[in-house]
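Listed below are the residues making up each chain.
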Amino acid sequence: MSTTIAPDADRTRTATASDRTRAENSLARKLVAPAIVLMLLVTAFPMLRALYLSLFNYSLTAPDDREFVGLSNYVTALTDSLFWRDTANTVMIMVVTVVFELVIGFAFAMVMHRVIFARGVVRTSILIPYGIITVVSGFAWQFAFSNSNGFINSWLPFIGDDFNWFAEYPSSMIAIMASEIWKTTPFMSLLLLAGLAQVSEDMIEAAKVDGASWWQRLWKVILPNMRSAIMVAVLFRALDAYRIFDNIFVMTAGANGTESISFLTYRQVIEQFQLGIGSALSVLLFLSVLLVAYLIVKLFRVDLAAARQEG
Amino acid sequence: MKAWLNRAGMVAGFALILGWCLLPVAWIVSMSFKSQEAVTNGSPGFFPSEGGGAGWQNYIDVLQDDQFARAILNSIGISLIATILSVTFATFTAYAVARLEFKGKKFVLTTALVIAMFPVVSLVGPLFDMWRTLGIYDTWLGLIIPYMSFTLPLAIWTLSAFFREIPWEMEQAAQVDGATAWQAFRRVIVPLAAPGVFTAAILTFFFAWNDFVFGISLTSTESARPIPAALSFFVGADPFNRPASLLAAGAVVATVPIVVLVLVFQRKIVAGLTAGAVKG
Amino acid sequence: MATIEMKNIVKKYGDGFPAVNDVSIDVADGEFMILVGPSGCGKSTLLRMIVGLEDITSGDMLIDGERVNDLAPRDRNLSMVFQNYALYPHLTVYENIAFPLRLAKRSNKEIDEKVREASRTLDLDEHLERKPGQLSGGQRQRVAMGRAIVRDAKAFLFDEPLSNLDAKLRGQMRTEISRLQKRLGITTVYVTHDQTEAMTLGDRVAVMKRGELQQLASPRELYEQPANLFVAGFIGSPPMNFLPATVEGGEITLPFGTFPLPADKADRTAGKGLLMAGIRPEYFEDAAVQADVDESRTFTAHIDVREWLGDQQYAYVPYDAEPRVQDQLRQLAREADSDSLRTQLVVSLDSASQISEDDEARLVIDTDKIHLFDPASGENLTVGL
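Protein chains in written order, with my numbering: chain G, -7 to 303; chain E, 226 to 505; chain H, 3 to 387.
Bound conformation, chain G alone (with noise of 0.2 angstroms):
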């Protein structure tokens, strides 16, 4: 019924716009300036400003020797191992804690929308990791890996209890990554309850009639429907992994080639104040989140339209 009287209001709220289209306008041009102009200022301008900066040869502490090189900044970036070593590990995090923080995120989504009892509980405690500083989250679990006064050694199967999990490569990208996906799941399985909440029940009890398992009830009929929710949440979550610094930087200060992107940004700019490449590595490192986000909105043909939450 009410279906039959949507174009109905549709029409009123456009008939409202034509009379008043140009207070309307201007009214909201008002309204929304501030923020556009200052989110502009506070990105575009430093923005512009590294892409300015990036075409020296800049060093702090020698400020004065400041000279024009071009793109030899880049050129430097871009044919050094390091740039690269540090790129891959950051895809490598990416994807790794994505895929880990999906499924299991997932399977806490259907926890939660099934559990009948302590409800509230179960959502609130999955808010705590959500809300712990991410510094806090790097060193509880940067303790707990530790072989001198933490517990996972002692807990875990065949691991010797002094085993030096910072000591190399791949054990460090491990306790990194854990410490990564611990703090993140909950926010992917929260994403992943709304959307499992918009699949009606309805339907999957459709598909039960039609003689589906559990398992095509899931493929076939519930993560279709979770797809532009699923979308979303892998599009936020993966840009802000593929941004991961503090968990790095607290956890192993890029020890043992576990360097970021961001993390190899930030070494250059504050802690060797190299103005000129730092800058180029920030553009470069803008450059891949937007490719990175370009990427994604194309493999996995993400709704945009979702994400402005239009709809």
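Honestly, the hints are just simulated from the structure, not real lab data. Bear in mind that the values here come from a model prediction, so they are computed numbers and not experimental data. Backbone N, C-alpha and C fix where the C-beta goes; we use that ideal spot for every residue, glycine too. No incorrect hints appear here.
Covered stretches of chain E, going by a simulated chain G footprint (3 or more residues, C-beta under 8 angstroms):
| # | region |
| --- | --- |
| 1 | 244 to 257 |
| 2 | 320 to 327 |
| 3 | 344 to 356 |
| 4 | 427 to 439 |
| 5 | 480 to 491 |
Taking CB as the label site, the calculated pair distances span:
| # | chain 1 | residue 1 | chain 2 | residue 2 | range |
| --- | --- | --- | --- | --- | --- |
| 6 | H | D28 | G | S192 | 46 to 52 angstroms |
| 7 | E | N266 | G | L148 | 19 to 25 angstroms |
| 8 | G | I196 | H | K274 | 57 to 63 angstroms |
| 9 | H | D24 | G | A204 | 55 to 61 angstroms |
| 10 | G | L40 | E | A240 | 51 to 57 angstroms |
| 11 | G | R111 | E | P482 | 23 to 29 angstroms |
| 12 | H | D57 | G | L33 | 37 to 43 angstroms |
With chain G fixed as given, assemble chains E and H onto it according to the hints.
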């Protein structure tokens, strides 16, 4: 039999989630009660070893530490101001997005979306340079401004989703009922919008409180250094032999306010987190 | 108590599309006026212009003879029940009903009296302290009406107030609204897309299509003397049958045969070529259950489906029509917001009829009551006959 299995599965899943969420938290709390000597000599295991407990000593030490207190103050002040500013501007924007028809609505939402995904580390270099020139390096202002780069999109995002749910025709109903435009706004729209604004403020505060990149890059002394950065510099010379239990106590103190907020406003936060991301 | 006069009201969108085009309706004091039509016909827009939520492009809106085009909604002293009830979710039922009185700064004592009275009338006493979210659809509907009746408004406006209720509740609330309106004797304008509501509630009904007023008349007149094809098809359930027809020499030729036509109708329509005949289902009858059957008005038809309702029954008789006629029938159905799947005749028969499905039956047709329409303009050529 099947129902029993189902139920058992649910209980197991329930326990798993609780374990996942709470174990590391319990761990850090437990660690904060280990004594400094025990940590230096090595005290593996989840709970403080016998004789290796410190009681409340770590907490007393942390709370008496001036740098730590100063960092907490910085974090509260900076996060609060950033939250108020961004929620105010975002409220205007979200109102326009949800309520008004105007050209460029898509542009606003897309800009917020793109900026929300911006790699903040990219900003560190130019800001580091500019802030030193402008003299706001290592000040509250020097952190509040860059915080806008992620708090504003987040607030716009959450608020637009909330405002979209407000039954705006209520305003019209109120006018038919004899209200002036101001009365309709004050008595109908404000009560309906307030929970959304409040939730957006909590989420924004979370994000500001959690910031680390700007906190370590744009400060050099305790005069503006926020708590996450302060914790990370709470190291001593050797990064692999940190005063772990003291740090843990500091971490617990820094986390308590957030956990309390989470506990109290659980429902609203869940709504706020998911509102923007899922069609509804 | 008030009259509402709409004079040549026009509402245009930004793209120039007229949502309401030159509509003039006078609502008398105490009258129950219905605005009905399919979705997008402009009925809600018109209502919102009365209450002042929508600007008027041109024309005059007069309440009690006073031009109100430029008055704000709050200055028009009308009360309105919205389609989704527009209850304030943060206020209790009591405060929802009291809201207009509080705005008018009435004393607490007066407010309490009025709210209690409204709540008694609408049977809401036990829900006064609840929030709208805890109420059922029917209860919300009653709260919305309570809010409308507490303030002595000049007129009630209803915007599809029953469309969110289930069928049974809708029937009950319809009676309730009718009783309330009669008792209060208040001028009422009521928008609906449901022709049953329109026919049962209204003193007069304004039928609209695409922003234009089609006919303004009493329910009986609409049913018996529809001005055009659209009104004829929109009013009545099951809807009127439309059949291609030609009139020649006092006789009408329909797809089922040729039948004598009353002289006055024949005179008006003779020689006009292909016409559209409108025959309501009840103008047919099973020849077997009628005494003194006029043989010249009978025909044999193949009954496809029969629906027995207890007090009467419907039979469906498919027929083939040429594509041109089919197109027009489809167009008509679309305008009235329904689907026509096939060209078929719906006939309403006496419940005693023993007709069986998938069988031949002899039907009699009352050609005295046939309407004949100009297929091009849709105009009823036999109006008043």
